[in-house]
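K.L.:
Protein chains in written order, with my numbering: chain A, 1 to 465; chain B, 1 to 195.
No wet-lab data here; the hints were simulated from the structure.
Treat the numbers as computed from the prediction; the structure is a model and nothing was measured.
Ideal Cβ positions, reconstructed from N, Cα and C, are used throughout, including at glycine.
Take these hints with a grain of salt, some might be off.
[What the hints assert, rightly or not] What the simulated footprint calls covered on chain A by chain B, stretch by stretch (three residues with Cβ under 8 Å from a Cβ of chain B suffice, anywhere in the stretch; the number is not a length):
no.	segment
1	109–122
2	406–414
[As the list claims (entries may be wrong)] Here are the simulated lysine-lysine pairs, PhoX-like style, with alpha carbons at most 20 Å apart:
no.	chain 1	residue 1	chain 2	residue 2
3	A	Lys320	B	Lys57
4	B	Lys186	A	Lys56
5	B	Lys33	A	Lys162
6	B	Lys33	A	Lys88
7	B	Lys38	A	Lys45
8	A	Lys75	B	Lys33
9	A	Lys87	B	Lys33
10	B	Lys169	A	Lys320
[Claimed, not checked] Selected chain B positions facing chain A (Cβ under 10 Å, derived; list incomplete):
no.	residue
11	Phe103
12	Asp154
13	Phe162
14	Asn174
15	Asp177
16	Lys186
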Amino acid sequence: MQKTLFDKIWDAHVVKQVEGGPDVLYIDRHLIHEVTSPVAFLGLKTRGLKVFRPDKTTATPDHNVPTVDQHLSIKDELSRHQVEMLKKNCDEHGIVYHGLGSEGHGVVHIIGPEMGLTQPGMTIVCGDSHTSTHGAFGAIAFGIGTSEVEMVLASQCIMQPKPKKMRITVNGKLGKGVTAKDIALYIISKISTSGGTGHFIEYAGSAITSLSMEGRMTLCNLSIESGARGGMIAPDETTFNYMKGRKYVPQGSDWDKALAKWKELKSDENAVFDTEYTFDASDIEPMITYGTNPGMGMGITKTIPSTDGMEGTDKVTFEKSLRYMGYAPGEKMAGKAIDFVFLGSCTNGRIEDFREFARFVKGKKKAPNVTAWLVPGSKQVENQIRAEGLVEILEDAGFELRQPGCSACLAMNDDKIPAGKYSVSTSNRNFEGRQGPGARTLLASPITAAAAAVTGVITDPRELL
Amino acid sequence: MAYDRFSTITSPAVPLPIENVDTDQIIPARFLKAVERKGFGDNLFRDWRYNADGSPKTDFVLNNPKYSGKILVGGKNFGSGSSREHAAWAIYDYGFRVVVSSFFADIFKGNALNNGLLPVVVEPAFLEKIFSTIEVNPAATFTVNLQEQTFTNDTTGESVRFEINPYKKHCLQNGLDDIDFLVEMKDEIAAFEAR
Numbered sequence: 001m002q003k004t005l006f007d008k009i010w011d012a013h014v015v016k017q018v019e020g021g022p023d024v025l026y027i028d029r030h031l032i033h034e035v036t037s038p039v040a041f042l043g044l045k046t047r048g049l050k051v052f053r054p055d056k057t058t059a060t061p062d063h064n065v066p067t068v069d070q071h072l073s074i075k076d077e078l079s080r081h082q083v084e085m086l087k088k089n090c091d092e093h094g095i096v097y098h099g100l101g102s103e104g105h106g107v108v109h110i111i112g113p114e115m116g117l118t119q120p121g122m123t124i125v126c127g128d129s130h131t132s133t134h135g136a137f138g139a140i141a142f143g144i145g146t147s148e149v150e151m152v153l154a155s156q157c158i159m160q161p162k163p164k165k166m167r168i169t170v171n172g173k174l175g176k177g178v179t180a181k182d183i184a185l186y187i188i189s190k191i192s193t194s195g196g197t198g199h200f201i202e203y204a205g206s207a208i209t210s211l212s213m214e215g216r217m218t219l220c221n222l223s224i225e226s227g228a229r230g231g232m233i234a235p236d237e238t239t240f241n242y243m244k245g246r247k248y249v250p251q252g253s254d255w256d257k258a259l260a261k262w263k264e265l266k267s268d269e270n271a272v273f274d275t276e277y278t279f280d281a282s283d284i285e286p287m288i289t290y291g292t293n294p295g296m297g298m299g300i301t302k303t304i305p306s307t308d309g310m311e312g313t314d315k316v317t318f319e320k321s322l323r324y325m326g327y328a329p330g331e332k333m334a335g336k337a338i339d340f341v342f343l344g345s346c347t348n349g350r351i352e353d354f355r356e357f358a359r360f361v362k363g364k365k366k367a368p369n370v371t372a373w374l375v376p377g378s379k380q381v382e383n384q385i386r387a388e389g390l391v392e393i394l395e396d397a398g399f400e401l402r403q404p405g406c407s408a409c410l411a412m413n414d415d416k417i418p419a420g421k422y423s424v425s426t427s428n429r430n431f432e433g434r435q436g437p438g439a440r441t442l443l444a445s446p447i448t449a450a451a452a453a454v455t456g457v458i459t460d461p462r463e464l465l
Numbered sequence: 001m002a003y004d005r006f007s008t009i010t011s012p013a014v015p016l017p018i019e020n021v022d023t024d025q026i027i028p029a030r031f032l033k034a035v036e037r038k039g040f041g042d043n044l045f046r047d048w049r050y051n052a053d054g055s056p057k058t059d060f061v062l063n064n065p066k067y068s069g070k071i072l073v074g075g076k077n078f079g080s081g082s083s084r085e086h087a088a089w090a091i092y093d094y095g096f097r098v099v100v101s102s103f104f105a106d107i108f109k110g111n112a113l114n115n116g117l118l119p120v121v122v123e124p125a126f127l128e129k130i131f132s133t134i135e136v137n138p139a140a141t142f143t144v145n146l147q148e149q150t151f152t153n154d155t156t157g158e159s160v161r162f163e164i165n166p167y168k169k170h171c172l173q174n175g176l177d178d179i180d181f182l183v184e185m186k187d188e189i190a191a192f193e194a195r
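This is chain B alone, in the form it adopts within the complex (with noise of 0.2 Å):
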């Protein structure tokens, strides 16, 4: 699917410092009935930021006007659970464009490459750190350079250094994803299948 190049991104970021965020939090089941994708930015952490009567619970982080930005900072474990592609769309639909935590599940985080939306994973220490500086100023930044996989908090001006490999950098830095690189082989692929 088409997404945006993928450059460096400096931006104030979202804290989330909860565990084993779970992909039914950040879309739950009963609104993937779509069969387009489009709009599953409106029903992101549905259940954590409205109450049941559509009202915005207003001690929730996206509903707290201080923290905005292009960067969600998540707990460790972030997008356990179900496979649903639905959970990066989400996140990418609603304006994030990277996740930081100590840890992802791995079906979220190959989804997450697959859209455009760059997991990157650093140390336990420095994720604390993370979200410290946000709470103490939630306008500050965070600097991701994808070309030197680099996370900088701007205010401390710690950087750390991400891995991802160098096939998907490619991919996220061009906008490409793997479906024409697949098709591309589609010989190759008969003749596997023919030994």
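If we strip away everything but chain A, and leave its shape as in the complex, we get (with noise of 0.2 Å):
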């Protein structure tokens, strides 16, 4: 039978089908970080378990961390208190940890690319919904609960029910200044916040194959926004060439055994797929966000959509949503003024993000008005910036950089945007109060959230490219 990409790696990976119920899948890569874990390693101690792969399991803390003094003690209690115990843990079960301001710290979904702990053909989880990011080195990578996460601490699987297939094809170029992250948004913004529900996404097409291995994260990592469990790209050179050489990827004749496996790992031509999209690359602007959920997402030069023919909790839905931002029907995005910009997350807080952002600024002024918090994806990602020269162009732009976290895309630490203040975000959501209570987020790319952070207003960045 013809087999999915998808099927070919949880077909591999399912060690029992339970009669009547889920798959127990085995998983190759757990990574964990404060938050989601404590009640985790809790659940073990009182039931007595220790950690069955601990060398499966890689931690860092990362949500909630302070982006300045990270060499000084966390300020917050909790903060404090969440953070040592995820070392506590670690040590405990000897799980490799990534402390603050050491090498491997950052972001989890930015730092296991980066160190080569994300592999095509793997199955990856982490506690975090945004692990779909891994999708695009062709991994099952998906987030899960903290019951899930102590079921794989417990016994490096979980029980899950095979998700639908779907298949999104985008061919064509893209259009200057239209990156991944605006090919997400236009997605998202056709097939709703819930039109990847049940389903599991194989990205296709040229405009996809086109991308970077940045922009296959940032597109990856957007899946769930689409209600999707995770999103995934066949691997090819552009892959390979990314992963060469990183610390735990395969070296030597190990690596060209693992290549000759990993390039067989594509959908066969006559697979079927649940669910099928085709989009056309030249069809997507620049994007903007102008609702309260990632779905309620336009070109920047369109208007905010009309409640004509609307009815019932839509209806409803959407006014609350207008209400929250302080937009109405039919108003036009760009011109608005804005407060805050925020490049970083999981979404967009890698090097090619920062290049982008920088080589839009400089020459240019940061806008007096605007407040912007640029947040480097992980430790190695500062240290780039810096080795690029990228700093002085920042600074000399007006802004300046901070340390690596999850930072204002969920607010948990103390960056928080302050409410009815308007944040051009390159994050991932725009939940009422996500950045902060009262918040209100529009997101964009980085250049887009670069265009707006030096007019001082949401502005069209093919203006000034």
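Grab the two chains, each in its own frame, and use the hints to assemble them into the complex.
P.N.:
This is how it looks when you write it as structure tokens:
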């Protein structure tokens, strides 16, 4: 039978099929952080269990850490306790831990690929929905709850029903100023935040294969925002070139052997997907969101949709959302004033994102009304930004660099957007209060964020390219 | 984790006729700093439920004494967003045992089932009827029968069947979780690794 890439990897990891129930799925790589793991470790303790395969789990604190003065003790007592608890649990169970300030520290979904922990054909899970990021390498990667974190720690397996398969094909060439982030926001605006539910997505088409690994990670990262369990892209030369020589990637003759296997990882020509969508890259503009879920996005030259034709809870929900945002149907987004810009997160906190942002603001100045938080996704990204001389460009333009972490993406630390303020954010969610109670989030690409940062208003970046 | 065995529940329901109720609304990230799982119910729907100064928002349904019960009824795509299991914990800890919607986000659904919280999927039209029944009479009761897999609007007598996979049903009825099952399988898992 013709199989999809997803089928091939999933089927190879099924330890057992439970009658009338989910599959017992073997997990190759488990990433943990401070927020969703402590209760899982507590569960192990209560049951008197040890971690079954400690070498398959890697830990780093990211959600809850400050992005300034990381050499000092964390001020917030609860955050400090959570981070210390992660370290303690890792020490106790023999799990590798990349602490604050260390060379391996960063957002889980940034450090996994950076170190080569993420590899084609693997099953990868983490107690974080954006685990879908790792699918960019042709892996099955998805977010899990804390009970499932405990399952993986206890048995290296979880129990999951096999999702349906969806293929999203984007053909053609992306226009100037249009990035992977725009592809993702465009897709979600078309299929909605629940369009992918119950499915695992494979992205295909010339617009996808022409993306860099960073771009592919951004796209796969946002799969969850369409409701899908995850998204993946078949590995190719771009993938292998990115991986070669990274710390945990096979070396020497092992590399050749692995490479031969990875090259087999693609959907069979006549494999059947449960759902298929096809889009044309030339229809995609730089995107911006205007509402309180990632599906409420549009091309930056467009106007906010009207409520004509909406009824029932659809209409109530849409109106509630615009009321929260302080916007009205029919308004243009371009030209609206903003207060904050956030560059970072597992969506857009990689080196390419900082390069694009820096290239855009080079020789320009940050608008005086804008507060900008530039947060690298990892220590390695931070080091690279410095090594490439991007810090000087950013500083000349009036920006400063913070230290790695999830930061204002979910505002668990002090990086909170004040109530009522508008934030153009390269992160993944524009939910009410996501960036702080009352904060209003506009999701966009790093380039669109850079354009807003220098003009102080929502701006089509193509006008300044 | 241990939770109550699920049998039949007859209760009034709390209506939340909003779509895409995301996990950041159910439990905002700033309340995820605990290292134990208790007390999350206090911050359930925190920013919809309380003003910044901590005073209750009187127009929010959980602050309206007319509404109570063990059943929460939400608009479609309930539980979208993050994988935080704290969302399921908060709903359970507040006292709900069932969430009804026409559509749940996958991770939330899995988390709910792992914590003794039953997600019941009903057709959109039936969901609208539930909302209108509660609007007419906030004390109207509904009956959830897990054994029969039925959800009944006791006012109208209309009953619908809901889906749940037999394994999960067995777990809920017996207060079991997957970890016991997986730990028992260790030899099989080790054999799989050796393949």
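K.L.:
Taking the earlier hints as the rules, which of them does this structure contradict?
P.N.:
1, 5, 10, 12, 13, 14
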